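J.: For reference, the chains in residue letters:
2 protein chains.
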Amino acid sequence: MADMAARLSGIVGADHLLTGEAIGEDYAHDEALSNDPVKPAYVALPETADQVAQLLKTATELGIPVTARGSGSGLSGAARPREDGLLVSFERMAAILEIDTENHVAVVQPGVSLEDLDGKLAEHGLVYPVYPGELSASIGGNVGTNAGGMRAIKYGVTRNNVLGLEAALATGELIRTGGKFVKASTGYDLTQLIIGSEGTLALVTEAVLKLQPRLPHQGTVLAPFADLDEVARAVPKVVASGLGPLIVEYIDGLTMGAITYRAQLQLGIPDEVKETAHAYLVVQLESRTADRLDEDVAEVGELLSGLGAKDVYVLEGTAAGKLIDAREKAFWAAKEAGADDIIDTVIPRASLPQFMERVRAIAQENNTFVIGCGHAGDGNVHLAVLQKDSEVRERVLHGLFEAGVHLGGAISGEHGIGRKHAERFAALTDPAKVDLMRRIKTAFDPAGVLNPGVLFD
Amino acid sequence: MADMAARLSGIVGADHLLTGEAIGEDYAHDEALSNDPVKPAYVALPETADQVAQLLKTATELGIPVTARGSGSGLSGAARPREDGLLVSFERMAAILEIDTENHVAVVQPGVSLEDLDGKLAEHGLVYPVYPGELSASIGGNVGTNAGGMRAIKYGVTRNNVLGLEAALATGELIRTGGKFVKASTGYDLTQLIIGSEGTLALVTEAVLKLQPRLPHQGTVLAPFADLDEVARAVPKVVASGLGPLIVEYIDGLTMGAITYRAQLQLGIPDEVKETAHAYLVVQLESRTADRLDEDVAEVGELLSGLGAKDVYVLEGTAAGKLIDAREKAFWAAKEAGADDIIDTVIPRASLPQFMERVRAIAQENNTFVIGCGHAGDGNVHLAVLQKDSEVRERVLHGLFEAGVHLGGAISGEHGIGRKHAERFAALTDPAKVDLMRRIKTAFDPAGVLNPGVLFD
Numbered sequence: 000m001a002d003m004a005a006r007l008s009g010i011v012g013a014d015h016l017l018t019g020e021a022i023g024e025d026y027a028h029d030e031a032l033s034n035d036p037v038k039p040a041y042v043a044l045p046e047t048a049d050q051v052a053q054l055l056k057t058a059t060e061l062g063i064p065v066t067a068r069g070s071g072s073g074l075s076g077a078a079r080p081r082e083d084g085l086l087v088s089f090e091r092m093a094a095i096l097e098i099d100t101e102n103h104v105a106v107v108q109p110g111v112s113l114e115d116l117d118g119k120l121a122e123h124g125l126v127y128p129v130y131p132g133e134l135s136a137s138i139g140g141n142v143g144t145n146a147g148g149m150r151a152i153k154y155g156v157t158r159n160n161v162l163g164l165e166a167a168l169a170t171g172e173l174i175r176t177g178g179k180f181v182k183a184s185t186g187y188d189l190t191q192l193i194i195g196s197e198g199t200l201a202l203v204t205e206a207v208l209k210l211q212p213r214l215p216h217q218g219t220v221l222a223p224f225a226d227l228d229e230v231a232r233a234v235p236k237v238v239a240s241g242l243g244p245l246i247v248e249y250i251d252g253l254t255m256g257a258i259t260y261r262a263q264l265q266l267g268i269p270d271e272v273k274e275t276a277h278a279y280l281v282v283q284l285e286s287r288t289a290d291r292l293d294e295d296v297a298e299v300g301e302l303l304s305g306l307g308a309k310d311v312y313v314l315e316g317t318a319a320g321k322l323i324d325a326r327e328k329a330f331w332a333a334k335e336a337g338a339d340d341i342i343d344t345v346i347p348r349a350s351l352p353q354f355m356e357r358v359r360a361i362a363q364e365n366n367t368f369v370i371g372c373g374h375a376g377d378g379n380v381h382l383a384v385l386q387k388d389s390e391v392r393e394r395v396l397h398g399l400f401e402a403g404v405h406l407g408g409a410i411s412g413e414h415g416i417g418r419k420h421a422e423r424f425a426a427l428t429d430p431a432k433v434d435l436m437r438r439i440k441t442a443f444d445p446a447g448v449l450n451p452g453v454l455f456d
Numbered sequence: 000m001a002d003m004a005a006r007l008s009g010i011v012g013a014d015h016l017l018t019g020e021a022i023g024e025d026y027a028h029d030e031a032l033s034n035d036p037v038k039p040a041y042v043a044l045p046e047t048a049d050q051v052a053q054l055l056k057t058a059t060e061l062g063i064p065v066t067a068r069g070s071g072s073g074l075s076g077a078a079r080p081r082e083d084g085l086l087v088s089f090e091r092m093a094a095i096l097e098i099d100t101e102n103h104v105a106v107v108q109p110g111v112s113l114e115d116l117d118g119k120l121a122e123h124g125l126v127y128p129v130y131p132g133e134l135s136a137s138i139g140g141n142v143g144t145n146a147g148g149m150r151a152i153k154y155g156v157t158r159n160n161v162l163g164l165e166a167a168l169a170t171g172e173l174i175r176t177g178g179k180f181v182k183a184s185t186g187y188d189l190t191q192l193i194i195g196s197e198g199t200l201a202l203v204t205e206a207v208l209k210l211q212p213r214l215p216h217q218g219t220v221l222a223p224f225a226d227l228d229e230v231a232r233a234v235p236k237v238v239a240s241g242l243g244p245l246i247v248e249y250i251d252g253l254t255m256g257a258i259t260y261r262a263q264l265q266l267g268i269p270d271e272v273k274e275t276a277h278a279y280l281v282v283q284l285e286s287r288t289a290d291r292l293d294e295d296v297a298e299v300g301e302l303l304s305g306l307g308a309k310d311v312y313v314l315e316g317t318a319a320g321k322l323i324d325a326r327e328k329a330f331w332a333a334k335e336a337g338a339d340d341i342i343d344t345v346i347p348r349a350s351l352p353q354f355m356e357r358v359r360a361i362a363q364e365n366n367t368f369v370i371g372c373g374h375a376g377d378g379n380v381h382l383a384v385l386q387k388d389s390e391v392r393e394r395v396l397h398g399l400f401e402a403g404v405h406l407g408g409a410i411s412g413e414h415g416i417g418r419k420h421a422e423r424f425a426a427l428t429d430p431a432k433v434d435l436m437r438r439i440k441t442a443f444d445p446a447g448v449l450n451p452g453v454l455f456d
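Residue numbers (numbering that gives the first Met the number 0), protein chains in the order written: chain E, 0 to 456; chain H, 0 to 456.
Treat the hints as calculated values from the structure; they're not laboratory data.
Everything numeric in this text was worked out from a predicted model, so none of it was measured.
Certain hints may be false.
Any copy, or any two copies together, can satisfy a pair, since identical chains are not distinguished.
[Stated by the list, open to error] Okay, derived cross-link-like pairs now, DSS-like style, lysine-lysine, Cα gap no bigger than 27 Å in a straight line:
{"id": "1", "residue 1": "Lys153", "residue 2": "Lys119"}
{"id": "2", "residue 1": "Lys236", "residue 2": "Lys119"}
{"id": "3", "residue 1": "Lys56", "residue 2": "Lys309"}
{"id": "4", "residue 1": "Lys153", "residue 2": "Lys236"}
{"id": "5", "residue 1": "Lys321", "residue 2": "Lys334"}
{"id": "6", "residue 1": "Lys321", "residue 2": "Lys387"}
{"id": "7", "residue 1": "Lys387", "residue 2": "Lys119"}
Bound-form chain E, shown alone (with noise of 0.2 Å):
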């Protein structure tokens, strides 16, 4: 124990690793509901990528389970640390390295987070485009967990805005995958085999984002429809309009309640409206010029009223910005509101009314709450679940994965299997599938050190 403590603290600086009383609550867990802390052995403050290829090598040669820690805010449990194992925490690697405006690309360290990047970014004119709700979020973590949100329509999510990384590998090598350049074909494409691992292939030290011209001009338009059978039928019609939305969001009329509430948002919408509204749908546009952009909203407004909008608002600047936050803050609201339990199930976008049929069932006949919103566009499923009963928690949890598992879906569209749902990625699975993911995790981790019960049960 003392001799570990030694070798890594001979790695970082004793000032840079952490043991025991030392170290604080926040390493002990990530913002995942319903999953206890767990305090680590060592917490290690690397400050370069041969000092994290360093740690893992010793963490190999000494079978110590190693999990990396961004700023925390993930959502499945993968990055809360192992009892008796070392934490690697890249708050020290928050570098922005380049932001190259030939090549429109960003050479980031995995600590910085979505807003110190956007900030800078934006004196460039540049935006890396994917916007998960918490923008206090790290790269690293977003590598970790292909974070989405809600401009995955237009941009895709993390896998699409990822050129290249480097990467510490559990037996010490530092590799570099892929490249400022958009396309390749030379050999497996590793950078896309390391997105979305969330820490249990290899440790990132550096990532190569794509930049996108920033349009100034953003409209929003809310529409209140009937029930989400027609906000369904409506989300294709939008999409196939090529105006490019930039945000296709649907909001359940509970859903609206509650976070108008709490962000003590007006919108204007008349009570015999909201009576009969169970479904919002809020379509954001972006533009190069404040003309092309009212011609977008108008022609959106239109087409939504023909597709059986119950009116349509657009909404105005201030407005608009709390909406789209106060939705980012659905998380936050659900908690408040007492959420035992967060999913975020992604299903093809046309079977959300009957994904949410079952939802609706599955609720009722568990005698438990589920309400919720979601990515419209992608069919990304945003369920909040109050259940304190753990037990039929669990079993409402797998009922709505099964649900979307069996309507051709997946179990999390970006918050990841993390350490909670490890045990039900397994039993819902294809097993020839988790087996050739445990031998592709083995081809980059022999010994097995990298996030331990992480995806894998």
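Chain E is fixed; fit chain H onto it per the hints.
T.: Chain H alone, transformed into the frame defined by chain E:
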């Protein structure tokens, strides 16, 4: 031998297993230059995914090397079979299984050609936007090499537009990866891992493709520049404009002469401009409305004039179509001109002038003729090498690849490593990465029967 044939024909039926003289010349090669044809021992023409899985199971059991073939239009020899091997041709698995207009996806078998698919999608106002030069290419082949093409700057390459796969493993299981959704964080992304693996990890039996609205209006601007440096400086400005170009190509003066001559294409460029223009930039835009297209085309024209273009030509429909078509067929022009090899190194796009300077130096040192054009928007440079002496040619190719890798690029942007470049791939790639890829290969294909000699030396 007879026993093997009996086993294989037991799976696909005697009519669909070819041996000996029944095997046509076409099955002996793809379109890779300077790569001798090899007739395989067996050609199987399966009709179902189950048959493919059974073929692989049997091949693993008996140790028969297996090569997959789509339409044979590959340029790196990845579809060239082994003399002692089994070629699995997907010509009988060429159905478009579903065009889903709600979820905007198509489900297709691997033998479907881009051309057939495009014809069908046009009826629905949709498009599968990946656009490599050769439209007879099959989707299966596109998945194998992660095919790119001119529209990558707007829509990405194959890996950005394939949402899921059904694939047969070497061990005989059929797995499904991904699905009709654009995001997931549910285990390793096997879809992405199989894309670009050139038949060395699994055989694709079905693909779920992401579709886009088909925008009706396209406009093309051709701008001659003094040299490539000016072109390279203009490209980031065109991209940063937010106009979202569909195509940004550069064509050098010589290649422009060759392809326009071959296509008998008159672009109306005066001789005095031609004499001083050593590099051309082609920008194609698309739009929902004719008015907006006109505005955008005018804006690009002004932008390019301000960036040093000698003139700006807005090409009318036919001329534009012919130029893009001629550019697509540059490979055939190069072949007819006697090219002994072609390469498609990718580099960060801002490094294009430096790269081309190295190219000129290498060509001169080796008394070799090297001409080219390329995807200026994404740094993917296509070069034709005219050098009959295979030893000198090898030296030139190695030098070109080395120059690309040295600038932070990769050996191939879209053609793949195949058989042709396996040795160079091994020589120019970090051994830690090659070893890792070999271990991944083994995780999929323990007996090493899938396309041995491709990718790995």
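J.: So which hints don't hold here, by number, going up?
T.: 3, 6 and 7
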